[in-house]
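K.L.:
Build the full structure now, drawing on both the sequences and the hints.
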Amino acid sequence: MRSARDALVMLLAGGVGSRLNILASERAKPAVPFGGAFRIIDFTLSNIMHSGLEVVGLLTQYRPLSLMDHVRNGEPWDLMGRARGVRILPPQTGKEDADWYKGTADAIYQNLAFMQDYEPDKVLVLSGDHIYRMDYEQMIAAHEARRADVTVAAMPVPWDETHRFGVMVAEDDGSITDFQEKVKNAKSNLASMGVYVFNYTVLVEELRAVVGARKGYDFGKDIIPGTLGRRKLLCYPFTGYWRDVGTIKSYHEANMDCLNPNSGLDLQTWEIRTAPDFQHPADRPPTLLGSVASVTSSLVGRGCVIQGEVAQSVLFPGVRVGRGALVRDSIVMQDTAVGDGCQVEYSIIDKRCELGAGAVIGTGTSTTKNRKFPSHLDCGISVVGKGVVIPGGVRVGKNCLIYPGVNLTRRRLQIVEDGETIMT
Amino acid sequence: MKKIISLVLAGGRVDELLVLTAKRPKSALPMWGMYRIIDFVLSNMMHAGIEVVGVLSQYRPYSLVTHLANGEPWDYVGRSRALRILSPFKGAEDSDWYKGTADALYQNLNFIDRYAPEMVVVASGDHVYAMDYRPMLKQHLATGADLTIAFKRVPREQAHLYGTAVLDESGRVGTYQEKAKNPEGDLASLTVYVFNTGCLMERLKQNAREGKSFQIYSEIIPRMIEEKARVFGWLFDGYWQYARTLDAYYATNMDILGKDAPDLPAWQVRTNLNPGTMGDPTPALFCPTAKASSSLVCCDLVLEGTVEHSIVSPGVLIERRAVVRDSVIMHGCRIEEGAIVDRAILDKNVRVGKGARLGCGDPVPNRLHPHTLSTGVTVVGKGAWIPAGLRIGRSCIVYPDMRESDFPQAEIPSGAVVSP
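So the protein sequences, as listed, match chains A and B.
By my numbering, the letter at position 200 of the first sequence is numbered 200, and the numbering carries on one by one without gaps.
By my numbering, the letter at position 414 of the second sequence is numbered 414, and the numbering carries on one by one without gaps.
These are computed hints drawn from the structure, not numbers from a lab.
Every residue, glycine too, gets a C-beta built ideally from N, C-alpha and C.
Among these hints, one or two may not hold up.
[As the list claims (entries may be wrong)] Each pair of labels, with its calculated beta carbon distance range: (1) 324(A) - 235(B): 36 to 46 Å; (2) 263(B) - 141(A): 51 to 61 Å; (3) 365(A) - 263(B): 36 to 46 Å; (4) 65(A) - 114(B): 34 to 44 Å; (5) 260(B) - 323(A): 18 to 28 Å; (6) 153(B) - 324(A): 36 to 46 Å; (7) 201(A) - 265(B): 51 to 61 Å.
[Unchecked claim] Chain B residues, not near chain A, derived (Cβ > 10 Å throughout): (8) 13; (9) 69; (10) 84; (11) 138; (12) 223; (13) 238; (14) 320.
P.N.:
The following block contains the structure:
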């Protein structure tokens with residue numbers, strides 16, 4: 001165990017997640033549901049718990065309601081007690097430099113007073129956006145053993161994706177000699193995971209010098225590159241499963257990875273904790289499988305009622321799948337009803353949607369990109385927002401986007417063409 | 001609303017349940033995958049808005065106490081709400097093990113006193129039902145009763161199993177017979193009583209002085225009727241099960257998969273979902289080879305094999321080519337490759353070795369316990385390991401924690417009991 005005095009955690013959870021489009025339009029990216037029972041931030045919070053860290057400052061900004069409801073007092077992750085806790089740190093007014101958080105480093109800078117309360121020896125800066133299992137204790141121990149000023153966790157990524165990450169060049173002993181933030185033609189494929197250990201005094205000095213002087217607001221862009229050559233920067237290599245689920249495609253893929261423990265994402269052994277969903281007057285009952293149900297290669301949450309066929313899919317609690325319906329290669333969130341004879345393929349259906357009997361979503365072979373958001377929806381996945389009603393018999397094509405709350409009954413549409421977006 | 005508290009009788013073992021209640025009271029026995037039987041009565045209390053519940057525990061209460069925790073799962077945390085476990089205690093002179101239901105209440109008169117309620121609901125924690133107590137409380141007030149008892153009409157041929165009553169036109173109990181051979185009435189008592197507090201206190205004190213069996217049903221109620229106290233009946237016609245034998249416990253479990261299954265979501269049952277007690281939130285993983293139908297499954301299942309018409313609690317692993325059919329599988333069981341479990345109850349953490357077979361041959365009554373086990377269900381106690389390849393017949397009983405060397409032969413015939 002490490003007390004807050006030893007290592008304090010600052011968890012950045014304000015992310016906008018714009019490339020997740022409507023999945024993150026009404027909730028912060030860390031609060032996006034994942035893996036049939038969890039939210040993305042559960043992975044980081046569980047890592048914190050398993051690493052024996054005791055106090056977390058949770059930096060929120062973008063639509064924090066779902067997130068705060070979820071994290072509550074930190075009890076689900078054992079972060080509650082005399083010496084343990086989660087403190088929500090929202091943007092605040094009333095101080096000279098106070099403002100909306102302009103970047104990751106700015107968020108920490110604006111909460112120097114919170115850190116000061118603990119006078120920690122080290123600060124672990126984390127992001128609540130990633131799916132991974134990591135023992136931070138080992139990283140902190142490495143940081144101490146090498147007497148580093150700053151340690152950055154890194155893992156190799158495919159060369160064609162390096163432009164999405166901050167990458168670093170490290171020597172054999174781990175010393176970082178160069179750092180590039182999201183550039184074309186990167187010098188290395190060793191990507192920063194957004195996991196940093198700072199000596200507290202170094203962190204405070206750097207934040208004051210950079211953010212305080214309004215020269216920059218971001219760890220990856222400003223703070224880390226600015227310390228090159230001046231501070232002792234250590235690269236901590238990580239080789240396990242780690243995904244930034246920032247796009248619809250990567251979000252879908254990582255969910256599908258849960259279905260196959262060989263992917264490296266093994267929910268059965270990762271011991272991820274989450275906060276139970278207390279919005280109902282009762283606890284959700286066990287899942288009921290009907291007499292002709294078929295469920296293969298899938299994750300199924302509590303309280304589902306399955307009468308049809310489910311394959312290669314992730315079903316969150318309370319999903320109903322009617323007789324003769326087929327759900328394949330899809331993610332279906334809480335309390336969505338898939339009517340009799342429906343066909344749902346390669347889609348993400350958010351919470352509390354109603355798909356009438358015989359509705360068909362995401363079938364076909366079209367490769368038409370979404371016309372409105374071609375960079376968000378180009379791999380065939382269709383996304384249906386929270387609370388959407390799709391009446392019986394309607395066909396929704398591929399790469400389609402239906403905004404939260406849309407009721408297609410009123411639209412009298414029979415077909416939503418491939419690549420269409422329905423906003424109202 | 002008048003001030004009401006409730007006392008839940010949850011301390012009994014129920015000997016007929018044999019290995020299933022070897023280490024827990026009946027109220028803590030799992031039901032329908034993720035619940036324990038006491039969840040039903042506690043959820044009923046919660047939904048009726050009764051704010052104080054005392055749970056009387058006595059027999060091996062560890063799992064019950066852990067499960068109840070601080071009452072939070074049923075919302076019994078707050079300034080005016082409380083769930084208290086009332087265990088036997090030592091006092092200056094008047095305390096002892098609970099000798100019966102009436103004695104258990106008598107020893108906790110100070111608990112009732114502390115809250116000074118107008119009415120006390122006394123209910124068993126051993127029964128499976130969803131009941132709204134509010135209409136019953138309303139009737140109790142409207143009739144000016146001293147005691148109101150909930151009844152349900154049962155088939156004549158089963159009436160001898162229960163306390164039965166005959167009501168007059170006004171709903172007042174005329175006669176009451178406890179497990180009579182040929183009872184006059186077919187209204188069975190559901191062990192749900194509403195007492196006026198004054199009446200209850202007085203009757204408990206009287207029973208403490210003069211009682212023999214110290215039971216509410218066999219002494220207090222008959223005496224009240226004899227003395228023409230105002231005892232009324234309230235009729236309930238929903239699902240209610242008592243599950244007092246192994247066969248009945250199995251049948252009650254299977255009811256949830258039947259044609260007239262209770263509407264579980266409508267029951268709004270709550271349970272303690274904390275990891276380590278009754279649930280873990282990791283969703284069930286169905287592998288590519290999984291086959292599952294007509295079953296109730298819970299979280300933290302890993303299914304590689306086949307499940308048909310069964311109830312599977314959280315944390316179960318069913319390996320490749322293993323088949324679970326018509327069975328009740330409790331928490332943490334592991335059914336290894338190619339094993340077959342047919343019509344069995346496996347208590348928690350049972351391991352069935354590779355290729356073992358449970359439920360072979362013809363259903364004969366259990367040789368030692370035919371009164372509780374005669375329908376062919378094989379029951380395996382908590383933590384037992386069934387050796388690979390072993391064949392076990394029907395209506396067998398395997399004691400908890402058995403290991404390979406405890407099984408004398410390569411085949412256990414139907415009706416046998418395997419004990420240390």
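K.L.:
Each hint should be assessed against the structure and marked as holding or not.
P.N.:
Tested hints:
For residue 324(A) paired with residue 235(B), a C-beta distance near 41 Å keeps the hint of 36 to 46 Å intact. Our hint of 51 to 61 Å for residue 263(B) and residue 141(A) holds, since their Cβ atoms are close to 54 Å apart. Evaluation of the 36 to 46 Å hint for residue 365(A) and residue 263(B) yields a pass: the beta carbon distance comes to about 42 Å. A hinted range of 34 to 44 Å for the beta carbons of residue 65(A) and residue 114(B) is consistent with their spacing of about 41 Å.
Distance hint check: the CB atoms of residue 260(B) and residue 323(A) are about 19 Å apart, consistent with the given range 18 to 28 Å. Roughly 40 Å separates the CB atoms of residue 153(B) and residue 324(A), a value that falls within the hinted 36 to 46 Å. For residue 201(A) and residue 265(B), the hinted distance range of 51 to 61 Å is satisfied, since their beta carbons lie about 56 Å from each other. Remark: the non-interface label on residue 13(B) is consistent with the geometry, its nearest Cβ contact in chain A lying 26 Å away (cut-off 10 Å).
Interface exclusion of residue 69(B) from chain A stands, the closest Cβ pair being 13 Å apart, more than 10 Å. Every CB of chain A lies more than 10 Å from the CB of residue 84(B), the least distance being 22 Å, so the non-interface label holds. Its beta-carbon lying about 21 Å from the closest one in chain A, residue 138(B) satisfies the requirement of being farther than 10 Å from that chain. Annotated as non-interface, residue 223(B) keeps its C-beta farther than 10 Å from every C-beta of chain A; the closest such distance is 39 Å.
With a closest Cβ-Cβ approach of about 16 Å to chain A, residue 238(B) is found to remain outside the 10 Å limit, as its non-interface label requires. For residue 320(B), the requirement that its beta carbon stay farther than 10 Å from each beta carbon of chain A is met, with the minimum near 13 Å.
Checked against the numbered hints listed earlier, the structure breaks none of them; every hint is satisfied.
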